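Asker: Chain by chain, the residues run as shown.
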Amino acid sequence: MKPPVFDYFRPASVDEALALLAEHGADAKALAGGQSLVPAMNFRLAQPAALVDLNGLDELAGIGDGPAALRLGAMTRHCAVERSAVVAKRAPLLTETMPYVAHPQIRNRGTVGGSLAHADPAAELPAVMVASSARFLLRSRSGERWIDAERFFTGLFATALEPGELVTAVEVPTLAPRTGWAFEEMSRRHGDYALVGVACLVTLDAAGRCAAARIALLSVGEGPVLAPSATAALAGVQPTADALRAAAEAVNADIDPPSDIHASAAFRRRLATVLTRRALTRAVERIATSAS
Amino acid sequence: MIVQGEYTFPGTREAIWELLLDPAVIARTMPGTEEMVRVAPDRYEGRMRVGVGAITAAEFTVSVQLADVVPPERYTMQIDGRGRFGFTRGTAQVRLAADGAGTVMRFEADLQVGGKIAAVGQRLLDSVSKLMTRQGLESLSKEVNRRLASADPGSRSPNPGSLP
Numbered sequence: 014m015k016p017p018v019f020d021y022f023r024p025a026s027v028d029e030a031l032a033l034l035a036e037h038g039a040d041a042k043a044l045a046g047g048q049s050l051v052p053a054m055n056f057r058l059a060q061p062a063a064l065v066d067l068n069g070l071d072e073l074a075g076i077g078d079g080p081a082a083l084r085l086g087a088m089t090r091h092c093a094v095e096r097s098a099v100v101a102k103r104a105p106l107l108t109e110t111m112p113y114v115a116h117p118q119i120r121n122r123g124t125v126g127g128s129l130a131h132a133d134p135a136a137e138l139p140a141v142m143v144a145s146s147a148r149f150l151l152r153s154r155s156g157e158r159w160i161d162a163e164r165f166f167t168g169l170f171a172t173a174l175e176p177g178e179l180v181t182a183v184e185v186p187t188l189a190p191r192t193g194w195a196f197e198e199m200s201r202r203h204g205d206y207a208l209v210g211v212a213c214l215v216t217l218d219a220a221g222r223c224a225a226a227r228i229a230l231l232s233v234g235e236g237p238v239l240a241p242s243a244t245a246a247l248a249g250v251q252p253t254a255d256a257l258r259a260a261a262e263a264v265n266a267d268i269d270p271p272s273d274i275h276a277s278a279a280f281r282r283r284l285a286t287v288l289t290r291r292a293l294t295r296a297v298e299r300i301a302t303s304a305s
Numbered sequence: 048m049i050v051q052g053e054y055t056f057p058g059t060r061e062a063i064w065e066l067l068l069d070p071a072v073i074a075r076t077m078p079g080t081e082e083m084v085r086v087a088p089d090r091y092e093g094r095m096r097v098g099v100g101a102i103t104a105a106e107f108t109v110s111v112q113l114a115d116v117v118p119p120e121r122y123t124m125q126i127d128g129r130g131r132f133g134f135t136r137g138t139a140q141v142r143l144a145a146d147g148a149g150t151v152m153r154f155e156a157d158l159q160v161g162g163k164i165a166a167v168g169q170r171l172l173d174s175v176s177k178l179m180t181r182q183g184l185e186s187l188s189k190e191v192n193r194r195l196a197s198a199d200p201g202s203r204s205p206n207p208g209s210l211p
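For the record, the sequence lines run as chains A and B. Just add 13 to the spot in the first sequence (first one is 1) and you have my numbering. Just add 47 to the spot in the second sequence (first one is 1) and you have my numbering.
Wrong hints could be hidden among the right ones.
Claimed, not checked - Where chain B lies over chain A, by a calculated footprint (3+ residues, C-beta under 8 Å):
no.	stretch
1	52 to 65
2	120 to 127
3	268 to 279
No lab work stands behind these hints: they were computed from the structure. All values derive from a computational prediction rather than experimental measurement. We treat Cβ as the ideally placed atom computed from N, Cα and C, and that holds for glycine.
Sequences are here, hints too, so could you generate the full structure?
Answerer: Now the structure itself:
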């Protein structure tokens, strides 16, 4: 359980990190919290020739409260997000999700940007970012660009990151008025990879009809999966128990879950329906509570 | 692990049959194949490198033994792959049926995956196999279209191939 030999760089600035990544190309990996990469290296399933350690880059860590969005530096640890009062106020869906991300020990080291760049189909943060309509700031030596979370995740452990490019920040838009949120997940044991998870936001109009909804699931496809059919089923309707159940059933058209020894594809479909219904129900209840 | 599906190609059964058994085509279209050689009329050997995300080091030597070969209708492959990170072995059946001007390929593979790669990556095997199957079929379909276009430069195939 020791990694193969590799070169180790600890740059003092983001610019230096980007230069190192550009110089070493596909042989180099950026090291964030190391909670997925280092185990893979110890199993010798990943054998990067060089690691560019981002842990010294304080400029990449931190939580900022802007007028329209919450901003998270890519090297912000999961535990910092979990305990942040600003996050709890501005992006409560994220706060509700954090305890589901692995175990406390992993959340102490793991980072927001690392989880997003790794793009594990069973990871919580990618789905929450997609549900939240978040956008990511990507930087390379040749410049920077913003990309919507929805377009960032392109497949199984695959993202829109170009070689030499880093996720440096995340912006989560402020919730619209009369918006409820919920995260639901099922795993064999708490902290295990989720069998299925779902993150949702629901916005009601003044008449109590569903004005907007975002539903994203994890562990049901190659990456985070948006549920347009379920969202369409909610458009303009009163969020009665029957309407939410119908929307949750519609999720089946949006997902293609895998089978493994823990759960068959059929079981995951059933779970996705049940968890979506629970999440939508709680999200709508929250709007009712906050309005009263 | 069962991998099954069907795919409709443009072109006759004979043309698709020839493509499916051409080692050069296999090497170009099977994701991760670095080398594929037909060492006997009914046997192939090669090397594959399979990776997702940060995991890029899983190299396998692969042999495929053909059985029950009935051109241009069906064949069975006995697959044996070994690498430092594990093994895969099993059988795959391929059947071709004429469908108008096109050909429907139906395949069903029953594969065992073992060793470290299965122990660590168990939860991903299904997703990876789905992904590789889709990529393989898409590049096969491109290959078919390229051949049809070069054989008959005046017309392009109306059917680019489709997953059900």
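Asker: Return the numbers of the hints above that this structure violates; sort them in rising order.
Answerer: Hint 2 is the one this structure does not satisfy, whereas the remaining hints hold.
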